Amino acid sequence: MRILLVEDDPLVSDAIVRGLATAGYVVDAVVDAESVQGRLDTTHYDLAIVDLGLPGEDGFALVRRLRRDGSPLPLLIVTARDGLDDRVNALDLGADDYLVKPFALPELAARCRALIRRATAATANEMVVGRLRIDLAGRRAIDDTGRVLELTRREWSILECLAHHSGRVVSKERLIQAIVSWDEEISGNAIEVHVSRLRAKLGEAATVRGIRGLGYRLDDA
Amino acid sequence: MRLRFKPRHAPSIRGRLLGYLLLPLLVLMVASIWADHRTFVTPMYESFDRALSRAAIAIAAHVQQAPDGKLYVQSPDRGPIPLRPPDDQSPPPMDGDPYQRHGPPMRFDPADRPISWMRLYPGARDSFLYRVSLPDGQTLAGDEGLPIAQGKTVDNLAYGDATYKQLALRIASYQTTVGGEAITVTVAETVHHRNTVVRRLDTVIGLSDGIQLSLVLGLCLFGITVALRPMNRLRDQIMRRQPQSLQPLPLEPVPGEVRPLVESLNTLLVTVRDSTLAQQHFLTNAAHQLRTPLTGLKAQLEVLANETHDNAQQERITRLQGSVDRLAHTANQLLALARAEPSAHGPGDFVAIQLDALIGTVIDSMLDRALAHDIDLGADCGPAQVHGVYWLLHELLINLLDNALRHTPDGGKITLRCGLHNGSPYLEVEDSGPGIPHAERERVRERFYRAAGSNGQSSGLGLAIVEEITRSHRARFEILDAHEGSGARMRIQFPAHA
Chain A
346 MRILLVEDDP
356 LVSDAIVRGL
366 ATAGYVVDAV
376 VDAESVQGRL
386 DTTHYDLAIV
396 DLGLPGEDGF
406 ALVRRLRRDG
416 SPLPLLIVTA
426 RDGLDDRVNA
436 LDLGADDYLV
446 KPFALPELAA
456 RCRALIRRAT
466 AATANEMVVG
476 RLRIDLAGRR
486 AIDDTGRVLE
496 LTRREWSILE
506 CLAHHSGRVV
516 SKERLIQAIV
526 SWDEEISGNA
536 IEVHVSRLRA
546 KLGEAATVRG
556 IRGLGYRLDD
566 A
Chain B
-11 MRLRFKPRHA
-1 PSIRGRLLGY
9 LLLPLLVLMV
19 ASIWADHRTF
29 VTPMYESFDR
39 ALSRAAIAIA
49 AHVQQAPDGK
59 LYVQSPDRGP
69 IPLRPPDDQS
79 PPPMDGDPYQ
89 RHGPPMRFDP
99 ADRPISWMRL
109 YPGARDSFLY
119 RVSLPDGQTL
129 AGDEGLPIAQ
139 GKTVDNLAYG
149 DATYKQLALR
159 IASYQTTVGG
169 EAITVTVAET
179 VHHRNTVVRR
189 LDTVIGLSDG
199 IQLSLVLGLC
209 LFGITVALRP
219 MNRLRDQIMR
229 RQPQSLQPLP
239 LEPVPGEVRP
249 LVESLNTLLV
259 TVRDSTLAQQ
269 HFLTNAAHQL
279 RTPLTGLKAQ
289 LEVLANETHD
299 NAQQERITRL
309 QGSVDRLAHT
319 ANQLLALARA
329 EPSAHGPGDF
339 VAIQLDALIG
349 TVIDSMLDRA
359 LAHDIDLGAD
369 CGPAQVHGVY
379 WLLHELLINL
389 LDNALRHTPD
399 GGKITLRCGL
409 HNGSPYLEVE
419 DSGPGIPHAE
429 RERVRERFYR
439 AAGSNGQSSG
449 LGLAIVEEIT
459 RSHRARFEIL
469 DAHEGSGARM
479 RIQFPAHA
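The listed protein sequences correspond, in order, to chains A and B.
Residue numbering for the first sequence follows our numbering, starting at 346 and increasing by one per position.
Residue numbering for the second sequence follows our numbering, starting at -11 and increasing by one per position.
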């Protein structure tokens, strides 16, 4: 996986390159928005990390230009500005996620992983969560030993919904909406039953964590 | 009108106007009643007196001189004719002898002395008496004790007031000569009738003047109310504003007298807004200047920690990381606190916010930290909506949860709640930590206050931020005991209508 980093601060840039390298990513760093197009023309990137406060053309302008040109590249904004306006603005312009400085490297890595996963799901119809490979087209989940998990229709729907938002809490109401058609009715308890069966079938490959009063979260392990 | 903003002795314009109008109007009313009294009562009194004097002249006509030179009063067959028609009684019968029927007969005969009271006409309540006397004081006829009027003599007539036999009397004395001898005829009548008439007249005057004054006062009140309406509109406009609003006031409906006040107020508002914008701009820059090097420092330390295998160095790096984290945390808190100030957001920032959705977002972002300490982080949400600034309430909840995470031991439990309490939305964070003693519950809200035993990570600003944001949402921040266990329960009670 190759990531393009647009960050003018050398200390931050260097740390991100090294930090993401240990997470298994190859990171190319540039210091301004003007250098981005040359890189994109020659190399395929899975993700771009863009700092908003760049010298010359700023991050907003870069995001706007990339999206106007029709680039499907997932964009993660990192910024020192945490105002709601900035956040909304960046997301409206077409950025995929937003991270406020100062952040911890593992958090950055997690955001990158989620964004790449989402982009892959859209293009390759496949997602990887932990040691689980989820084949969206074939509607099947395969663990690292190559074994195809035998899931019921509802268990599959729950896994698919959780995988689409992996690392994020998914509310029970949302899961109910995901697994039933509009004329069916299902209780919260029924969801718990389906989730506990799904959990047993997943085993060590991935973890479905229950969050009291809220819902569930799919974690890598 | 909210009275709590009103100083006790501040005079209202309306009250002052009324006061300044009422006092002169009252003086005017007294003066006009007095003038009316003079205009109507004096001529009436004079006509009463004239009637009385006619009686005296009539009696004088009956004084005759005997051939021996002595004076005597000729006795008429009947008393003097009625002096004036009654105003409220039927007129006296013109035939017959009324005195035979209605009272003791009165003969002008010296032999009849002492004279008893004589009714002037049937049914009259006033009594009449007379005295014919010589200049030496000798009484020829009539009541001997009747005093003679001592007032100024005009056309041989003098008038006066006296009290005789415990009766208030009006007296008229007529001086004339009979056969060359001077005599004084004094007549007197009780003042009952004229008093009644005067009282009635005064009542009518008082009533009509009072009604006039009330009408004028009513008109004044109406006029003042109408004239002050633009002021009231301005007051309502100011009171309807959000307390944080820095929008200039409209000049359109403002009367000329108040316009300079509104204009200077607007100038002030613009100044405040400009300085607020400048402050926000400064904060944005400061945030950027602080956060970027902190990010570099933090990330570099993380990389260094990964690359170092020397245990002693690892420990030093960990301590460095702790300090950098604390620095970053404090910088964030300071920025948050500055931006939570009421001047930092306008009424346009207030939107409808679902508290349960907010709790979901905050738990999502803090879940990893809770899991790292094996803390059971959960929610218990009922539907609740408030009117607030989204990122401020987000900041508030983050700070409450951050505070709870800091004080909850590993393996503990934290619950976020929202719902309606007596119709008012509330937000609650309950932890299973050691709780906050009652004595410290006020102090922990102060800036930079750090409770005894708190770890080095705390900036002492978290609850101050919560307090500040709570205030800007007109909510109440309460620190309570946990429902179960010894922990703290932080509660934000929002106003019902928000």
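Careful, some of the hints might be misleading.
Simulated DEER-style distance windows between Cβ atoms [unchecked claim]:
{"no.": "1", "chain 1": "A", "residue 1": "Arg498", "chain 2": "B", "residue 2": "His409", "range": "38 to 46 Å"}
{"no.": "2", "chain 1": "B", "residue 1": "Arg394", "chain 2": "A", "residue 2": "Ala469", "range": "37 to 45 Å"}
{"no.": "3", "chain 1": "B", "residue 1": "Val260", "chain 2": "A", "residue 2": "Arg413", "range": "52 to 60 Å"}
{"no.": "4", "chain 1": "B", "residue 1": "Thr259", "chain 2": "A", "residue 2": "Asp386", "range": "49 to 57 Å"}
{"no.": "5", "chain 1": "B", "residue 1": "Asp398", "chain 2": "A", "residue 2": "Ser532", "range": "32 to 40 Å"}
{"no.": "6", "chain 1": "B", "residue 1": "Asp469", "chain 2": "A", "residue 2": "Ser532", "range": "29 to 37 Å"}
{"no.": "7", "chain 1": "B", "residue 1": "Arg229", "chain 2": "A", "residue 2": "Arg554", "range": "45 to 53 Å"}
{"no.": "8", "chain 1": "B", "residue 1": "Asp469", "chain 2": "A", "residue 2": "Glu402", "range": "38 to 46 Å"}
{"no.": "9", "chain 1": "B", "residue 1": "His409", "chain 2": "A", "residue 2": "Glu529", "range": "49 to 57 Å"}
Taking lysine-lysine and the DSSO-like style, the derived pairs with C-alpha atoms no more than 30 Å apart in a straight line are [unchecked claim]:
{"no.": "10", "chain 1": "B", "residue 1": "Lys140", "chain 2": "B", "residue 2": "Lys153"}
{"no.": "11", "chain 1": "A", "residue 1": "Lys517", "chain 2": "A", "residue 2": "Lys546"}
{"no.": "12", "chain 1": "A", "residue 1": "Lys517", "chain 2": "B", "residue 2": "Lys153"}
{"no.": "13", "chain 1": "B", "residue 1": "Lys401", "chain 2": "A", "residue 2": "Lys546"}
Sample of chain A residues at the chain B side, in silico, Cβ under 7 Å [to be verified]:
{"no.": "14", "residue": "Gly555"}
{"no.": "15", "residue": "Arg557"}
{"no.": "16", "residue": "Leu559"}
It should be emphasised that the hints constitute simulated quantities derived from the structure, not laboratory data.
This structure is a prediction, so every number in the text was calculated from the model and none was measured.
Cβ coordinates follow ideal geometry from the N, Cα and C atoms, glycine included.
To see whether the hints hold, each was checked on the structure:
A hinted range of 38 to 46 Å holds for the C-beta pair A:Arg498 and B:His409, which are about 42 Å apart. Between B:Arg394 and A:Ala469 the C-beta distance comes to about 43 Å, which sits within the given range of 37 to 45 Å. Evaluation of the 52 to 60 Å hint for B:Val260 and A:Arg413 yields a failure: the beta carbon distance comes to about 40 Å. Evaluation of the 49 to 57 Å hint for B:Thr259 and A:Asp386 yields a pass: the beta carbon distance comes to about 52 Å.
Roughly 34 Å separates the CB atoms of B:Asp398 and A:Ser532, a value that falls within the hinted 32 to 40 Å. Between B:Asp469 and A:Ser532 the beta carbon distance is about 34 Å. The supplied range of 29 to 37 Å therefore holds. Range check, B:Arg229 to A:Arg554: Cβ separation about 47 Å, and the 45 to 53 Å hint holds. For the pair B:Asp469 and A:Glu402, the beta carbons lie near 56 Å from each other, so the given range of 38 to 46 Å is not met.
Look at B:His409 against A:Glu529: about 35 Å separates their beta carbons, and that is not inside 49 to 57 Å. Restraint check for B:Lys140 and B:Lys153: the C-alpha separation of about 24 Å stays at or below 30 Å, so the hint holds. Restraint check: the Cα-Cα separation between A:Lys517 and A:Lys546 comes to about 20 Å, which is no more than 30 Å; the hinted pair holds. A distance of roughly 110 Å separates the Cα atoms of A:Lys517 and B:Lys153; the hinted pair therefore is violated under the 30 Å criterion.
For the hint linking B:Lys401 to A:Lys546, the alpha-carbon distance of about 29 Å falls within 30 Å, and the restraint holds. Hint status for A:Gly555: violated, given a least beta-carbon distance of 9 Å to chain B, over 7 Å. Because the closest C-beta pair between A:Arg557 and chain B is about 3 Å apart, less than 7 Å, the hint holds. Residue-level restraint check for A:Leu559 holds (minimum Cβ-Cβ distance to chain B is 5 Å; threshold 7 Å).
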